[in-house]
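Asks: Sequence:
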Amino acid sequence: MMLHYIFHIYKHICVSLHFRCFTTLQFFSFFPLFLSSIYIPFLSLIVAKVIHSFIYLFFHHTHSLLF
Numbered sequence: 001m002m003l004h005y006i007f008h009i010y011k012h013i014c015v016s017l018h019f020r021c022f023t024t025l026q027f028f029s030f031f032p033l034f035l036s037s038i039y040i041p042f043l044s045l046i047v048a049k050v051i052h053s054f055i056y057l058f059f060h061h062t063h064s065l066l067f
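For the sequence shown, the positions run 1 to 67 when my numbering is used.
Fair warning: there could be bad hints in the mix.
Unchecked claim - The following label-pair restraints were derived from C-beta to C-beta distances: (1) 4 x 41: 24 to 34 Å; (2) 3 x 44: 40 to 50 Å; (3) 2 x 45: 36 to 46 Å; (4) 37 x 7: 13 to 23 Å.
These aren't lab readings, by the way, just hints derived from the structure by calculation.
The structure displayed is predicted, hence computed values, not measured ones.
Glycine included, each C-beta is placed from N, C-alpha and C at the ideal position.
Take the sequences, apply the hints, and build the full model.
Replies: And the structure:
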């Protein structure tokens, strides 16, 4: 639904500006690159935070067991 809405806006912009539009195939091959360029930094940050907290909890737990 969201993708359909974005694609509708994209077509409207193309028509209103009289640019040569991408074909649908080019649009759908470009769009994942656009999304990944936004989401990959956030995903890597989240994964790093999760791994860091997991390692911290693991070592904290084993430290309390050992001593």
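Asks: Could you run down the list of hints and mark each one as holding or not?
Replies: Quick rundown of the hints versus the structure:
1. 4 x 41: 24 to 34 Å: 26 Å, holds
2. 3 x 44: 40 to 50 Å: The hint (40 to 50 Å, Cβ to Cβ) is violated, given that residue 3 and residue 44 are roughly 24 Å apart.
3. 2 x 45: 36 to 46 Å: 23 Å, violated
4. 37 x 7: 13 to 23 Å: Once the Cβ atoms are compared, 18 Å apart, the range 13 to 23 Å for residue 7 and residue 37 holds.
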